[in-house]
Amino acid sequence: LTARKSFDITWDYSGVTRINIEYSINNGSSWTSITENVDVTEGKYSWSVPETLSEQCLIRITDIDTPSRTDTSDRVFSISAAPYITVTSPNGGEVLYKGKTYNVTWTYTGNPNVPVKIALVASNNLSNVYVISENAPLGQNGSGFFSWKVSSSIERRNDYKIWIGNGSYTADFIDTSDNSFTVSEFVY
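Mapping of the sequence shown onto the numbering used here: position 68 corresponds to residue 138, and the numbering continues sequentially without gaps.
Please note that the accuracy of each hint is not assured.
Said to hold, decoys possible - Restraint ranges, calculated between C-beta atoms of paired labels, are given here:
no.	residue 1	residue 2	range
1	N194	T140	46 to 52 Å
2	P120	L196	36 to 42 Å
3	T140	G162	46 to 52 Å
Hints are computed from structural coordinates only; laboratory data are not their basis.
By construction, the Cβ of each residue, glycine as well, lies at the ideal position given by its N, Cα and C atoms.
All chains, please: the whole structure from these sequences, using the hints.
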């Protein structure tokens, strides 16, 4: 399973009305509650998988009325990190000058095995986008960069952010600058 994703825990039941659901990251040595007092007729529970990474995970369902009635996953499973990307520069407060070259930088985990798309976004509006690169290399060892010459055609504004992601504009592997930065004319 992937951390920060949703996973449906399902079950069959007979003679049970309400259950507790727990998970273990150490092959059953200890347990952490996922949820309690679930009506079994629902047949499933949508679990937001935690960021507790392990290769020795189990799920256990227990009858609230008779705690000795329990069932555990047939085998262990893994929880792995969700890939993510984080803009590190420009990340807010900078002044970038038209005609000058700057590095757009980022860090990442995982490997979505795709190049990244980089865009300049004004006013947090994805309909007001200047594409910097359609397919910049992801990088190596958890960090990447793209050398960008700020075009003279870009409007002077103080509300720009960098948008970076896998190109699909989905929330799985995207980030934007934390705060706005400025693009201005270079003064000699």
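Verification of the supplied hints:
Between N194 and T140, the C-beta spacing of about 49 Å keeps the proposed range 46 to 52 Å intact. Roughly 30 Å separates the CB atoms of P120 and L196, a value that falls outside the hinted 36 to 42 Å. The hint said 46 to 52 Å for the Cβ distance between T140 and G162, and at roughly 50 Å that hint holds.
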